[in-house]
Amino acid sequence: MRKAIVIILAILFMIPVFWTVSSSLKSMNEIYRYPPTIFPQEISLEGYKNVINESQFPRYVANTLFVAIVSTVITVFISVSLGYGLAKGTFKYKNFFREIVTITLFITAQVIMVPLFVVIQQLGLIDSLWGLIIPAVFTPTASFTAYQYMRDLPNEFLESAQVDGANEWQIFFKIVLPMSRPLMAAISIFSFTWRWNDFVLPLIVINSGDKFTVQLALSALQGQYGIPWNEILAFSVLAIIPTLIIFLLFQNLFMKGLSAGGLKY
Amino acid sequence: MKKIDIVKNRFVFIIPSFVFHFLFYLLPIILMIILAFFSWDLLNSPSFVGLENFKDLMEDKWFWNSIVVTLKYTFFTLPIVFITSLILGLLLQEENSFSKIMRVFFYWPYMIPMVAGGTMWKWLLSKDFGLVNHILKQLGFNPINWLDNPTLALFSVVIVQTWVLSGFMMMLYIVGLQALPEEFYEAASIDGASNFQKFWFITMPLLRNTHISVITLTIANCFRNFTIVYIMTTGGPGYATTVAPLYIYQKAFTDFRIGYASAGSIVILLISLVIAYVVRKVQERDLEGGKI
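Heads up: the protein sequence lines correspond to chains A and B, in order. When we follow the numbering used here, the leftmost residue of the first sequence carries the number 1, and every step to the right adds one. When we follow the numbering used here, the leftmost residue of the second sequence carries the number 1, and every step to the right adds one.
Hints listed in this document are in silico derivations from the structure and should not be mistaken for laboratory results. Hints should not be assumed to be uniformly reliable.
Residues on chain B that point at chain A, a partial pick, calculated with CB under 10 Å [claimed, not checked]:
| no. | residue |
| --- | --- |
| 1 | Phe-24 |
| 2 | Ile-30 |
| 3 | Ile-33 |
| 4 | Lys-55 |
| 5 | Leu-88 |
| 6 | Thr-151 |
| 7 | Lys-251 |
Positions of the beta carbon are idealized from the N, C-alpha and C atoms, including for glycine.
The following block holds chain A by itself, in its conformation from the complex:
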């Protein structure tokens, strides 16, 4: 009984995805046929072919991958470094800096969208992929998670390294980083999906079509006259594939990240 309810609800939740995938595999004629067919009568890859050949799709993918990978690498490094400094440091005003990170967790990006644009503009990063990377590398969630992780890192390892004469940099690179592998993995996966899925920052920063990200291109396709639904649907399916792969591969990490307070920034 309980299982039946769960399965019915799960089907309801997956209908939009099913309907999109199914429709994306129909020919243009079949998409506009009435009554609609639930499954494609004959599989047509027309929509997918159009997206991949006619548009600059490979370019959008390359742009998005570049942004997601580069910003993720920087995010991982600065977050781990921040977490270590805050958790194991002894400098003045440490609590003040920690509070700033916590408070930033509650600032919603949309509220500062306008002045953020001005800062990006003044830095000369408008209409540049770096304008999507640099402003996004500090994420409150990653910083907070890193801080929590570093607090639990046993002090003995750091102290024994100090006794052995290691300097701070050696301690950080040879002890702290290797011990932070699970943390770095978690931040990488979350950060990659945030950047892959991001829409608001690209929308305000990017103007030229050749610098579009996947999400931006998908959105732009809908503004066209005479909406090409088969292409839009194929594009939507392609846009969720990386998320799906990462999610399925790292499911446990996502679920654990939730219980550890890993919230969307």
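Following the hints, put chain B in place on chain A, whose structure we already have.
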């Protein structure tokens, strides 16, 4: 000598992060407050206008409309997400392979890019070709123009927001439910409590902290929703679904009224702070009430 000190007390490790924090969080907030007193179109140099932006905001009925739309949107979304995620949490709290597999189907919408998710729903709700209207017709109803009718458009966006958030909130409930102490239930069973009584008098009150997290996070998500609305309705029909962030976006990047949009952002920030404060007060009052 100084340099070595910085390394020794490990201050140096927080510098890279705080450079980015300063540039892209602190500076924009300061800038937002300053810009609110200026008139600026991004091209000509800004001119000081004092409180004029705020005065204009007070008289701008579409700005207040966008606040009302955001509040309505939150007001409708909150109970639906709350109930859906609680039910899902209760159904899937056990750690077995069935639950683990099924959780994926509910959590995954949260992982999908919202541009793609919004597009999927737009197709599902499409007047002539959508599955929803097809089913309605099969059942003998007239097709409904989901996204062109002001009331229904808001309702449609609420449903999509629920679809996105429920699985995420479900996870919070699962974590909360798994942490509940067994003893209470054993004692209640001895006293002959029914399942519903156990749920209502033990589970619900014990989940208080989870409820508060779910409510706070749902409100926060509703307040910053931009993408779903932008993709599905672009704020229309008319201003029926123009939520506050979308209105600010239009003022800044369509009308190029940067100062005006900054003033609007400040008002929105203040409103969300008030709501955050109220939620926290309710939380504290419950604590004083001694409900465990």
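Comparing the hints with the structure gives:
{"no.": "1", "hint": "Phe-24", "verdict": "5 Å, holds"}
{"no.": "2", "hint": "Ile-30", "verdict": "8 Å, holds"}
{"no.": "3", "hint": "Ile-33", "verdict": "9 Å, holds"}
{"no.": "4", "hint": "Lys-55", "verdict": "19 Å, violated"}
{"no.": "5", "hint": "Leu-88", "verdict": "7 Å, holds"}
{"no.": "6", "hint": "Thr-151", "verdict": "22 Å, violated"}
{"no.": "7", "hint": "Lys-251", "verdict": "8 Å, holds"}
Comparing the model with each earlier hint shows violations of hints 4, 6; every other hint is respected.
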